[in-house]
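Residues in the sequence shown are numbered from 2 upward in steps of one, following this note's numbering.
It should be emphasised that the hints constitute simulated quantities derived from the structure, not laboratory data.
Beta carbons: idealized from backbone N, C-alpha and C, even for Gly.
Take the hints with a grain of salt, since some may be wrong.
[Said to hold, decoys possible] Only pairs whose alpha carbons sit at most 30 Å apart, straight line, appear in this in silico DSBU-like list of lysine-lysine:
{"id": "1", "residue 1": "Lys-96", "residue 2": "Lys-115"}
{"id": "2", "residue 1": "Lys-160", "residue 2": "Lys-38"}
{"id": "3", "residue 1": "Lys-51", "residue 2": "Lys-66"}
{"id": "4", "residue 1": "Lys-66", "residue 2": "Lys-38"}
{"id": "5", "residue 1": "Lys-51", "residue 2": "Lys-38"}
{"id": "6", "residue 1": "Lys-96", "residue 2": "Lys-57"}
{"id": "7", "residue 1": "Lys-115", "residue 2": "Lys-38"}
{"id": "8", "residue 1": "Lys-66", "residue 2": "Lys-160"}
[As the list claims (entries may be wrong)] Quick list of simulated restraints, FRET-style, between CB atoms:
{"id": "9", "residue 1": "Asp-28", "residue 2": "Lys-57", "range": "16 to 26 Å"}
{"id": "10", "residue 1": "Trp-178", "residue 2": "Ala-42", "range": "19 to 29 Å"}
{"id": "11", "residue 1": "Gln-50", "residue 2": "Glu-181", "range": "38 to 48 Å"}
{"id": "12", "residue 1": "Ser-122", "residue 2": "Arg-64", "range": "14 to 24 Å"}
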Amino acid sequence: MRINEISAEISVIRSARRTLAAEIRPDGTVLVRAPLKMSEAQITRFLTQKAPLIEKHLQKQLRRKAEADALPPFTPDEIRAMADQALKVIPERVKYYAPLVGVTYGRITIRNQKSRWGSCSSVGNLNFNCLLMMTPPEVLDSVVVHELCHRLQPNHSAKFYAEVYRVFPDYDRCDRWLKEHGPALIRRMTG
(Lines of atoms letter the chains of each structure in order from A and count residues from 1; the text may use other names and numbers.)
(Lines give C-alpha, C1' and ligand atoms only; values in the text may rest on other atoms or scores of the structure.)
Protein backbone atom coordinates (compact mmCIF):
# COMPACT_ATOMS: atom_id res chain seq x y z
CA MET A 1 0.00 0.00 0.00
CA ARG A 2 1.24 3.52 -0.75
CA ILE A 3 0.05 6.89 0.55
CA ASN A 4 1.72 9.91 -1.07
CA GLU A 5 2.04 11.82 2.20
CA ILE A 6 3.87 8.94 3.93
CA SER A 7 7.49 8.24 2.99
CA ALA A 8 7.56 4.66 4.26
CA GLU A 9 6.47 1.26 3.03
CA ILE A 10 3.04 0.38 4.44
CA SER A 11 1.75 -3.12 5.09
CA VAL A 12 -1.69 -4.11 6.32
CA ILE A 13 -2.59 -7.01 8.60
CA ARG A 14 -6.25 -7.83 8.94
CA SER A 15 -7.59 -9.64 11.97
CA ALA A 16 -10.70 -10.08 14.09
CA ARG A 17 -10.37 -6.68 15.74
CA ARG A 18 -12.67 -3.69 15.93
CA THR A 19 -10.25 -0.81 15.67
CA LEU A 20 -7.76 0.46 13.15
CA ALA A 21 -4.20 1.22 14.30
CA ALA A 22 -0.92 2.22 12.68
CA GLU A 23 2.44 1.24 14.13
CA ILE A 24 5.86 2.43 13.08
CA ARG A 25 8.19 -0.56 13.11
CA PRO A 26 11.87 -0.36 14.12
CA ASP A 27 12.86 -0.95 10.47
CA GLY A 28 11.06 2.27 9.44
CA THR A 29 8.02 0.62 7.85
CA VAL A 30 4.42 1.29 8.84
CA LEU A 31 2.24 -1.61 9.91
CA VAL A 32 -1.52 -1.07 9.82
CA ARG A 33 -3.73 -3.40 11.83
CA ALA A 34 -7.26 -3.39 10.46
CA PRO A 35 -10.55 -5.22 11.02
CA LEU A 36 -11.19 -8.07 8.59
CA LYS A 37 -14.06 -6.40 6.74
CA MET A 38 -12.69 -2.85 6.59
CA SER A 39 -12.45 -1.55 3.03
CA GLU A 40 -9.23 -0.42 1.39
CA ALA A 41 -10.80 3.05 1.01
CA GLN A 42 -11.41 3.32 4.78
CA ILE A 43 -7.82 2.33 5.50
CA THR A 44 -6.53 4.86 2.95
CA ARG A 45 -8.73 7.59 4.48
CA PHE A 46 -7.40 6.77 7.96
CA LEU A 47 -3.77 6.85 6.76
CA THR A 48 -4.26 10.10 4.84
CA GLN A 49 -5.78 11.68 7.94
CA LYS A 50 -2.95 10.42 10.17
CA ALA A 51 -0.17 11.06 7.61
CA PRO A 52 1.29 14.19 9.29
CA LEU A 53 1.56 12.41 12.64
CA ILE A 54 2.96 9.22 11.09
CA GLU A 55 5.51 11.21 9.08
CA LYS A 56 6.53 13.19 12.19
CA HIS A 57 7.21 9.93 14.06
CA LEU A 58 9.06 8.44 11.08
CA GLN A 59 11.38 11.47 10.94
CA LYS A 60 11.95 11.29 14.71
CA GLN A 61 12.85 7.61 14.36
CA LEU A 62 15.25 8.38 11.49
CA ARG A 63 17.00 11.03 13.62
CA ARG A 64 17.35 8.56 16.50
CA LYS A 65 18.73 5.90 14.15
CA ALA A 66 21.29 8.37 12.77
CA GLU A 67 22.35 9.29 16.32
CA ALA A 68 22.63 5.61 17.28
CA ASP A 69 24.57 4.78 14.12
CA ALA A 70 27.09 7.45 15.10
CA LEU A 71 27.85 5.47 18.29
CA PRO A 72 30.33 2.60 18.02
CA PRO A 73 29.24 -1.00 18.54
CA PHE A 74 29.84 -2.44 21.99
CA THR A 75 33.14 -4.29 22.23
CA PRO A 76 33.24 -7.92 23.40
CA ASP A 77 34.74 -6.68 26.69
CA GLU A 78 31.88 -4.19 27.17
CA ILE A 79 29.32 -6.92 26.47
CA ARG A 80 31.04 -9.24 28.96
CA ALA A 81 31.06 -6.47 31.58
CA MET A 82 27.33 -5.83 31.02
CA ALA A 83 26.59 -9.55 31.36
CA ASP A 84 28.65 -9.76 34.58
CA GLN A 85 26.83 -6.75 36.00
CA ALA A 86 23.46 -8.21 34.95
CA LEU A 87 24.29 -11.48 36.75
CA LYS A 88 24.62 -9.47 39.97
CA VAL A 89 21.75 -7.00 39.54
CA ILE A 90 18.91 -8.87 37.81
CA PRO A 91 18.57 -11.83 40.21
CA GLU A 92 18.21 -9.32 43.07
CA ARG A 93 15.43 -7.49 41.21
CA VAL A 94 13.69 -10.80 40.44
CA LYS A 95 13.99 -11.79 44.11
CA TYR A 96 12.43 -8.46 45.12
CA TYR A 97 9.51 -8.54 42.67
CA ALA A 98 8.57 -12.26 42.69
CA PRO A 99 6.73 -12.06 46.06
CA LEU A 100 4.97 -8.86 44.95
CA VAL A 101 3.73 -10.64 41.83
CA GLY A 102 3.03 -13.74 43.92
CA VAL A 103 5.03 -16.26 41.90
CA THR A 104 8.04 -18.54 42.07
CA TYR A 105 10.63 -18.85 39.33
CA GLY A 106 13.31 -21.23 38.13
CA ARG A 107 16.72 -20.51 36.67
CA ILE A 108 17.75 -16.97 35.68
CA THR A 109 19.91 -16.68 32.56
CA ILE A 110 21.55 -13.57 31.13
CA ARG A 111 21.88 -13.53 27.35
CA ASN A 112 23.26 -11.32 24.63
CA GLN A 113 19.99 -11.10 22.71
CA LYS A 114 19.30 -9.16 19.55
CA SER A 115 15.52 -9.12 19.60
CA ARG A 116 14.19 -9.67 23.13
CA TRP A 117 14.54 -7.96 26.48
CA GLY A 118 13.40 -11.00 28.40
CA SER A 119 11.44 -14.22 28.26
CA CYS A 120 9.82 -16.71 30.62
CA SER A 121 9.62 -20.43 29.89
CA SER A 122 6.62 -22.58 30.76
CA VAL A 123 8.52 -23.99 33.75
CA GLY A 124 9.43 -20.53 35.05
CA ASN A 125 12.99 -20.14 33.82
CA LEU A 126 13.74 -16.48 33.12
CA ASN A 127 16.03 -15.07 30.44
CA PHE A 128 17.12 -11.43 30.36
CA ASN A 129 19.09 -9.37 27.87
CA CYS A 130 22.39 -8.04 29.24
CA LEU A 131 21.60 -4.72 27.51
CA LEU A 132 19.13 -4.04 30.32
CA MET A 133 22.19 -2.77 32.19
CA MET A 134 22.18 0.18 29.78
CA THR A 135 18.58 1.16 30.61
CA PRO A 136 17.28 3.24 33.53
CA PRO A 137 16.69 1.08 36.65
CA GLU A 138 12.92 1.44 36.43
CA VAL A 139 12.97 0.12 32.84
CA LEU A 140 14.90 -2.94 34.00
CA ASP A 141 12.33 -3.41 36.78
CA SER A 142 9.46 -3.16 34.29
CA VAL A 143 10.96 -6.01 32.22
CA VAL A 144 11.45 -8.12 35.35
CA VAL A 145 7.81 -7.58 36.37
CA HIS A 146 6.63 -8.29 32.80
CA GLU A 147 8.42 -11.65 32.73
CA LEU A 148 7.33 -12.63 36.24
CA CYS A 149 3.70 -11.88 35.35
CA HIS A 150 3.98 -14.49 32.60
CA ARG A 151 4.07 -17.03 35.44
CA LEU A 152 0.44 -16.03 36.10
CA GLN A 153 -0.66 -15.40 32.50
CA PRO A 154 1.48 -16.96 29.72
CA ASN A 155 0.16 -14.45 27.15
CA HIS A 156 -0.35 -10.73 26.62
CA SER A 157 -4.04 -10.62 27.50
CA ALA A 158 -5.89 -7.93 29.44
CA LYS A 159 -5.52 -10.13 32.55
CA PHE A 160 -1.77 -10.25 32.02
CA TYR A 161 -1.48 -6.46 31.78
CA ALA A 162 -3.77 -6.02 34.79
CA GLU A 163 -1.21 -8.00 36.81
CA VAL A 164 1.68 -5.97 35.39
CA TYR A 165 -0.01 -2.64 36.26
CA ARG A 166 -0.99 -3.89 39.72
CA VAL A 167 2.68 -4.41 40.59
CA PHE A 168 4.21 -1.74 38.35
CA PRO A 169 1.79 1.15 37.65
CA ASP A 170 4.42 3.09 35.64
CA TYR A 171 4.82 0.24 33.13
CA ASP A 172 3.63 2.24 30.09
CA ARG A 173 6.28 4.93 30.47
CA CYS A 174 9.04 2.30 30.77
CA ASP A 175 7.68 0.34 27.82
CA ARG A 176 7.72 3.54 25.74
CA TRP A 177 11.34 4.15 26.78
CA LEU A 178 12.30 0.68 25.53
CA LYS A 179 10.43 1.16 22.25
CA GLU A 180 12.12 4.54 21.68
CA HIS A 181 15.67 3.79 22.85
CA GLY A 182 15.90 -0.01 22.70
CA PRO A 183 16.50 -0.33 18.95
CA ALA A 184 19.55 1.96 19.20
CA LEU A 185 20.99 -0.18 22.00
CA ILE A 186 20.39 -3.36 20.03
CA ARG A 187 22.04 -1.85 16.93
CA ARG A 188 25.13 -1.19 19.06
CA MET A 189 25.11 -4.85 20.05
CA THR A 190 25.07 -6.06 16.46
CA GLY A 191 27.43 -3.45 15.05
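The hints, checked one at a time:
1. Proximity of Lys-96 to Lys-115 is assessed by CA-CA distance (about 25 Å); at most 30 Å being required, the pair is judged to hold.
2. For the hint pairing Lys-160 with Lys-38, the CA-to-CA distance comes to about 27 Å; that is within 30 Å, so the pair holds.
3. Straight-line distance between C-alpha atoms of Lys-51 and Lys-66 comes to about 22 Å, which keeps the hinted pair within the 30 Å bound.
4. Between the alpha carbons of Lys-66 and Lys-38 the distance comes to roughly 36 Å, so the proposed pair goes past 30 Å and is violated.
5. This hinted pair checks out: Lys-51 and Lys-38 have alpha carbons roughly 20 Å apart, not beyond 30 Å.
6. A threshold of 30 Å between alpha carbons decides the hint, and for Lys-96 with Lys-57 the separation of about 41 Å lies outside it, so the pair is violated.
7. A hinted pair counts as satisfied when its Cα atoms are at most 30 Å apart, and Lys-115 with Lys-38 does not qualify at roughly 36 Å.
8. A hinted pair counts as satisfied when its Cα atoms are at most 30 Å apart, and Lys-66 with Lys-160 does not qualify at roughly 34 Å.
9. For the hinted restraint 16 to 26 Å between Asp-28 and Lys-57, the CB-CB distance of approximately 18 Å keeps it satisfied.
10. Checked against the hint of 19 to 29 Å, the C-beta distance between Trp-178 and Ala-42 comes to roughly 37 Å, which is inconsistent with it.
11. With their beta carbons about 24 Å apart, Gln-50 and Glu-181 fall outside the hinted range of 38 to 48 Å.
12. For the hinted restraint 14 to 24 Å between Ser-122 and Arg-64, the CB-CB distance of approximately 38 Å leaves it violated.
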